[in-house]
Amino acid sequence: MGQTPRLKVDIGGLKLDNPVMTASGTFGYGEEFSQLTDIDRLGAIVAKGISLLPRPGNPPPRICETAAGLLNAIGLENVGIKRFIREKVPFLRRCGTKVIANILGDRVEDYGELCAILSDCDGVDAIEVNISCPNVKKGGMAFGTDPDTVAEITKTCKENSKLPVIIKLSPNVTDITLTARAAAAAGADALSLINTITAMAIDTEKRKAVLGNIIGGLSGPAIKPVALRMVWQTAQAVDIPLIGIGGIMTATDAIEFILAGATAVQVGTANFINPGTGEDIVHGLSEYMNRHGTRDINELRGAINS
Amino acid sequence: MGQTPRLKVDIGGLKLDNPVMTASGTFGYGEEFSQLTDIDRLGAIVAKGISLLPRPGNPPPRICETAAGLLNAIGLENVGIKRFIREKVPFLRRCGTKVIANILGDRVEDYGELCAILSDCDGVDAIEVNISCPNVKKGGMAFGTDPDTVAEITKTCKENSKLPVIIKLSPNVTDITLTARAAAAAGADALSLINTITAMAIDTEKRKAVLGNIIGGLSGPAIKPVALRMVWQTAQAVDIPLIGIGGIMTATDAIEFILAGATAVQVGTANFINPGTGEDIVHGLSEYMNRHGTRDINELRGAINS
Amino acid sequence: MLENARVKNIVSLGAELFRIGLHSPRIAKISRPAHFVMVRTSPGISPLLCRPFSIYQSNTDGTLEILFRRLGPGTTNISRLRPRDEVQLTGPLGTPFDLGRREEYILIAGGVGIAPIFMAAKHLQRHKRRNLTVIAGAATAAEIHPLIQDFKDIDIICDITTVDGSAGHKGLVTDLITPATTKHDMGHTGIICCGPTPMMAAVAARAADLGIECQVSLETMMACGISACLGCAVAIRGSEKYFHVCKDGPVFRADEIEWDRLRD
Amino acid sequence: MLENARVKNIVSLGAELFRIGLHSPRIAKISRPAHFVMVRTSPGISPLLCRPFSIYQSNTDGTLEILFRRLGPGTTNISRLRPRDEVQLTGPLGTPFDLGRREEYILIAGGVGIAPIFMAAKHLQRHKRRNLTVIAGAATAAEIHPLIQDFKDIDIICDITTVDGSAGHKGLVTDLITPATTKHDMGHTGIICCGPTPMMAAVAARAADLGIECQVSLETMMACGISACLGCAVAIRGSEKYFHVCKDGPVFRADEIEWDRLRD
Ligand SMILES: Cc1cc2nc3c(=O)[nH]c(=O)nc-3n(C[C@H](O)[C@H](O)[C@H](O)COP(=O)(O)OP(=O)(O)OC[C@H]3O[C@@H](n4cnc5c(N)ncnc54)[C@H](O)[C@@H]3O)c2cc1C
Ligand SMILES: Cc1cc2nc3c(=O)[nH]c(=O)nc-3n(C[C@H](O)[C@H](O)[C@H](O)COP(=O)(O)OP(=O)(O)OC[C@H]3O[C@@H](n4cnc5c(N)ncnc54)[C@H](O)[C@@H]3O)c2cc1C
Ligand SMILES: Cc1cc2nc3c(=O)[nH]c(=O)nc-3n(C[C@H](O)[C@H](O)[C@H](O)COP(=O)(O)O)c2cc1C
Ligand SMILES: Cc1cc2nc3c(=O)[nH]c(=O)nc-3n(C[C@H](O)[C@H](O)[C@H](O)COP(=O)(O)O)c2cc1C
Ligand code: FES
Ligand code: FES
Chain G
1 MGQTPRLKVD IGGLKLDNPV MTASGTFGYG EEFSQLTDID RLGAIVAKGI SLLPRPGNPP
61 PRICETAAGL LNAIGLENVG IKRFIREKVP FLRRCGTKVI ANILGDRVED YGELCAILSD
121 CDGVDAIEVN ISCPNVKKGG MAFGTDPDTV AEITKTCKEN SKLPVIIKLS PNVTDITLTA
181 RAAAAAGADA LSLINTITAM AIDTEKRKAV LGNIIGGLSG PAIKPVALRM VWQTAQAVDI
241 PLIGIGGIMT ATDAIEFILA GATAVQVGTA NFINPGTGED IVHGLSEYMN RHGTRDINEL
301 RGAINS
Chain L
1001 MGQTPRLKVD IGGLKLDNPV MTASGTFGYG EEFSQLTDID RLGAIVAKGI SLLPRPGNPP
1061 PRICETAAGL LNAIGLENVG IKRFIREKVP FLRRCGTKVI ANILGDRVED YGELCAILSD
1121 CDGVDAIEVN ISCPNVKKGG MAFGTDPDTV AEITKTCKEN SKLPVIIKLS PNVTDITLTA
1181 RAAAAAGADA LSLINTITAM AIDTEKRKAV LGNIIGGLSG PAIKPVALRM VWQTAQAVDI
1241 PLIGIGGIMT ATDAIEFILA GATAVQVGTA NFINPGTGED IVHGLSEYMN RHGTRDINEL
1301 RGAINS
Chain U
2001 MLENARVKNI VSLGAELFRI GLHSPRIAKI SRPAHFVMVR TSPGISPLLC RPFSIYQSNT
2061 DGTLEILFRR LGPGTTNISR LRPRDEVQLT GPLGTPFDLG RREEYILIAG GVGIAPIFMA
2121 AKHLQRHKRR NLTVIAGAAT AAEIHPLIQD FKDIDIICDI TTVDGSAGHK GLVTDLITPA
2181 TTKHDMGHTG IICCGPTPMM AAVAARAADL GIECQVSLET MMACGISACL GCAVAIRGSE
2241 KYFHVCKDGP VFRADEIEWD RLRD
Chain A
3001 MLENARVKNI VSLGAELFRI GLHSPRIAKI SRPAHFVMVR TSPGISPLLC RPFSIYQSNT
3061 DGTLEILFRR LGPGTTNISR LRPRDEVQLT GPLGTPFDLG RREEYILIAG GVGIAPIFMA
3121 AKHLQRHKRR NLTVIAGAAT AAEIHPLIQD FKDIDIICDI TTVDGSAGHK GLVTDLITPA
3181 TTKHDMGHTG IICCGPTPMM AAVAARAADL GIECQVSLET MMACGISACL GCAVAIRGSE
3241 KYFHVCKDGP VFRADEIEWD RLRD
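Chains as they are written, first to last, in our numbering: chain G, 1 to 306; chain L, 1001 to 1306; chain U, 2001 to 2264; chain A, 3001 to 3264.
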């Protein structure tokens, strides 16, 4: 007690005041939340995923609620890198918190190009690479499920980036440690996991898939046990920092991920339910540490005994 | 209206009065539920998984609750095939409903042996093959994730069985259609999916995994959207009957699976919450069909328009 | 803004309809017709997401009222709230009706879609634009009566329709548009509409025929309400792009919307 | 059996303790000390699983009573039930205490573990085995008083302990076992115990030292309560096999249990 616990963490060179970030696609470009919560209290903001060109996104309906979960098929709608830099980064640059851009592409080369552009963009502190997008060349199967493609994208990003590169893993794989190892070996500075789990809902009255895109991604508390397992497995497999994501609603949830081996966490769906979730978690982490006499959050990382 | 709707379905030669079964491991050996619900109203009972030799199961704690889910690591505790036939089958034989044995093994040969024994066992109508067990020879990676092993087990089972063989697929794979196609090509009479999703929970106060086994399997409403997606994908990929499993609590849930392409469904975790769930669903199916003027349940199979 | 509001009162109106008063002075103060709030209906995970509701009334004492129909888990939870319970609100959200564009208005409501219409009617009445027609429709008399009570109290007479003919005109709200036009100077009249999507599509079509400007307040599934999730998309007419109902709407000019691609 | 029971009454006893009376004549009729029921605490998914509770009293009018502590979502939901609400019960489940084995008993309870102990005490009193000692422990006076009130009403005096010394003996229930032995014919005395696992382990060790038979009623996580899920395993002493608490227990002879492998 007495002292305030130390919450600072280092994610492959990106230094954060605390380990709590917002997940891509769930916090807009930051500005949307600025009147609802004190975003400067967050460790970092991860912006909505951006591509080289703007994308209109999928036909509606795009979201639906499931048991303790949210199913979405937004289709990576975004304003494109140009408008991102012109319209969104100025606000982000003024924030008192770190900013991570999240990128996506149809081809491996897109990722390199995006990294190069963002590396010269004042106001962006790191790049998170979303590899869960359908791979146009390989017939729509996601990039993120094939370790070789993951390595290839990671290499391209590293070659083109002056900023720390975080590879965001897809959970839709048989063995998460294969893609994790591939990214780590190819030079990733950190990994974030998990993205949404592919899922579906059907409207029995209309006899139609609920989502316009038929299939979507599941997020929220429902997936937390799966995400936690993947973080734990990945922590045994690689030595680079991990960012735990999936169903985090409370400080206790965040601590579960840190104990499983994560250096930091991201809050996604919970932002929609309570825009102050991230702030509350930062506060809750300190409380937990005070109660347990933990001086430094880094002592908790991977600290489960079996 | 007027007529009672027809609920009979055919699962690779196994004829059921209705498409509602109980899932393996969630209905004991039937007897446990006989005083709580009218088990003769069910289409079939799938018994708790059995192996050649009895297994003690995993160290406790074995279960824990998660958001809209149940995490379990029972460790396939069972009485072994001998006591199953001596002590459990006599009750099952007297039931007015079909009985499906569920088998598991450490080696491919175990599956063949179990099929041969069960084929001569009066009172068992079909065999469901659980391939989600750790493969001892291949260092613990589950049999069910490798299409070649799935094909091999399916072949062995078919060669040794006089009864319909249902292969129960694991959801812990990148592409469920690969294992589904492998089983179908190797002669499986039907597929059931999904088994539980590998997952984990951590007790932040004790700083320990909640489960004695650290990792377990997630079931219940939380996983329904994932299960539904896999059934839908598999229905596009193979022509044999599918049994949909995962988070089914209500008739509406069951109909979602049938509309996604399942011929029948299994109720798992819901049996623990309301032992009469299966019966309620049979009733609810008729109601839905009356309301929609559907005469035969088989008309609903795969009947979603996009 | 985010405000933890205390329940002041909750009244069951019959036909699964309820009216709830919430002490939420900061949101109430700046609310305008067709603004909405996101209500967190459970402290836990069931249901997980907040639910959007139009603001029905905002009073000078800081009370915000919502009129809602009990449909599923979220509205069931709200219907169980009791005075002094606390509930998390985010609002006021969205772009309200633009009521300054025309001299006269025909207001058209379907079912509980009457909520923003009532606030619009009060606003227009307060701003002395009294040539108002209000057309309100529902399935039955039992459903329509609780919805029009508050109009009576402020001396606005509604033209009502019911599908089964148990009250007012038997039929749909669109049936009463032509009769209403005879009472209005159509060159200076606009339509304001909120209700089920098929009804709004029909009204939009009639308005187009008549050549009158029509504003609709749309409903879609919403996760965030603040243009962060991009879940509330509706197709823009003649474009491959989408509006976001929570930010660009919920109010749109009817002719901006690609009605055929809006699933009910 | 499965019974939909109506709430007859619910009383808050302070210190997060509650007593609820349920009209459940079929289950009440055949309940015995340490039998338990699985209660469905929510019609929805939050929480998902039923919760196990010992039967505290079963009355001839068909009322079944449960004494519970509010801890998490399940017990919070039960604490919110009101008279006439309906709740799904499965029971009576498990193997009750075997109270016919000894002439005299020392009954030992920790916290809300007193529920089956009270039923056992009533049973023993009714069967005229009056040489009973009841030792009841809790953290504080505020916690112990509501737990022993019903014993007073049937003229059983409890020896009480509190951790903070605010009532009775300052310390643990095990401290009072040796004093109690002076009042009993130890050759014909048994121990009956229910409480937190570490307490039961300590009582089991004392009983072994004294060479007296000790029955404990264990708690584990349970999904089904009817030996279907195999989730409620506890290690059998000197074996690699497991008991299932819901069927083989909740009552066990203390020397059958591998206490070291029971996680609290
Ligand atoms: C801008 C806006 C204003 C609204 N104003 C009102 C109002 O004033 N009064 C009122 O009674 N209702 C209003 N609604 C609709 C209200 O949000 C839904 O009735 C409510 O969300 C249903 O939640 P539920 O859990 O009770 O039912 P559910 O079982 O979740 O849903 C019942 C039906 O409502 C639809 N629905 C569910 N959630 C949403 C959502 N987040 N957004 C839109 N539709 C949804 C579903 O598709 C389903 O058909 C409004 C909706 C929007 C978008
Ligand atoms: C045979 C038996 C009899 C019991 N009798 C009583 C009684 O008479 N009065 C009483 O107050 N409590 C009793 N309990 C404990 C009671 O079941 C738990 O307090 C309750 O399940 C907590 O649920 P919750 O949702 O409120 O809290 P949770 O947040 O779910 O849990 C709080 C704590 O209780 C434990 N717990 C949760 N669920 C279960 C479960 N299904 N089984 C066992 N432990 C669980 C958890 O590990 C946690 O430590 C009994 C338990 C068993 C097994
Ligand atoms: C509506 C929505 C949009 C999302 N968009 C993106 C995105 O653009 N890029 C990305 O990498 N992840 C995206 N995600 C995934 C989240 O960042 C996160 O990985 C996932 O939701 C799991 O976390 P949660 O359970 O806390 O929501 C999105 C998720 C949701 C719900
Ligand atoms: C406690 C428990 C034990 C299980 N045991 C088995 C088993 O022995 N064999 C098997 O094939 N599946 C087993 N399963 C998986 C279920 O049969 C089912 O596939 C899974 O629980 C998903 O369905 P649900 O969500 O309806 O529970 C078990 C599941 C649970 C919860
Ligand atoms: S509801 Fe999230 S963007 Fe509109
Ligand atoms: S609780 Fe399911 S077997 Fe005991």
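A couple of the hints might just be wrong.
[Unchecked claim] Subject to a maximum C-alpha distance of 27 Å in a straight line, what follows is the list of computed DSS-like cross-link-like pairs (lysine-lysine):
1) G:Lys-206 with U:Lys-2241
2) A:Lys-3183 with A:Lys-3170
3) U:Lys-2241 with G:Lys-208
4) A:Lys-3241 with L:Lys-1206
5) U:Lys-2170 with G:Lys-82
6) L:Lys-1082 with A:Lys-3170
7) G:Lys-208 with L:Lys-1008
[As the list claims (entries may be wrong)] A few chain G residues facing chain U, derived, Cβ under 8 Å:
8) Phe-33
9) Ser-34
10) Ala-237
[What the hints assert, rightly or not] Quick list of the computed label-pair ranges, beta carbon to beta carbon:
11) A:Thr-3076 with G:Lys-162: 49 to 57 Å
12) A:Ile-3157 with L:Pro-1056: 44 to 52 Å
13) G:Thr-252 with A:Ile-3157: 40 to 48 Å
It should be emphasised that the hints constitute simulated quantities derived from the structure, not laboratory data.
Positions of the beta carbon are idealized from the N, C-alpha and C atoms, including for glycine.
Right, here's what the structure says about each hint:
1. G:Lys-206 with U:Lys-2241: Between Lys-206 (chain G) and Lys-2241 (chain U) the Cα gap is close to 25 Å, so the pair holds against 27 Å.
2. A:Lys-3183 with A:Lys-3170: Holds - the C-alpha atoms of Lys-3170 (chain A) and Lys-3183 (chain A) are around 21 Å apart, at most 27 Å.
3. U:Lys-2241 with G:Lys-208: holds, 23 Å
4. A:Lys-3241 with L:Lys-1206: holds, 25 Å
5. U:Lys-2170 with G:Lys-82: Given that 27 Å is the threshold and the Cα spacing comes to 55 Å, the pair is violated.
6. L:Lys-1082 with A:Lys-3170: The given pair, whose Cα atoms are some 55 Å apart, is violated under the 27 Å limit.
7. G:Lys-208 with L:Lys-1008: Between Lys-208 (chain G) and Lys-1008 (chain L) the Cα gap is close to 24 Å, so the pair holds against 27 Å.
8. Phe-33: Where the cut-off is 8 Å and the nearest Cβ of chain U is about 7 Å from Phe-33 (chain G), the hint holds.
9. Ser-34: violated, 10 Å
10. Ala-237: Violated, because the Cβ-Cβ distance from Ala-237 (chain G) to chain U comes to roughly 31 Å (cut-off 8 Å).
11. A:Thr-3076 with G:Lys-162: 49 to 57 Å: The hint (49 to 57 Å, Cβ to Cβ) holds, given that Thr-3076 (chain A) and Lys-162 (chain G) are roughly 52 Å apart.
12. A:Ile-3157 with L:Pro-1056: 44 to 52 Å: With Cβ atoms ~45 Å apart, the hint holds.
13. G:Thr-252 with A:Ile-3157: 40 to 48 Å: holds, 43 Å
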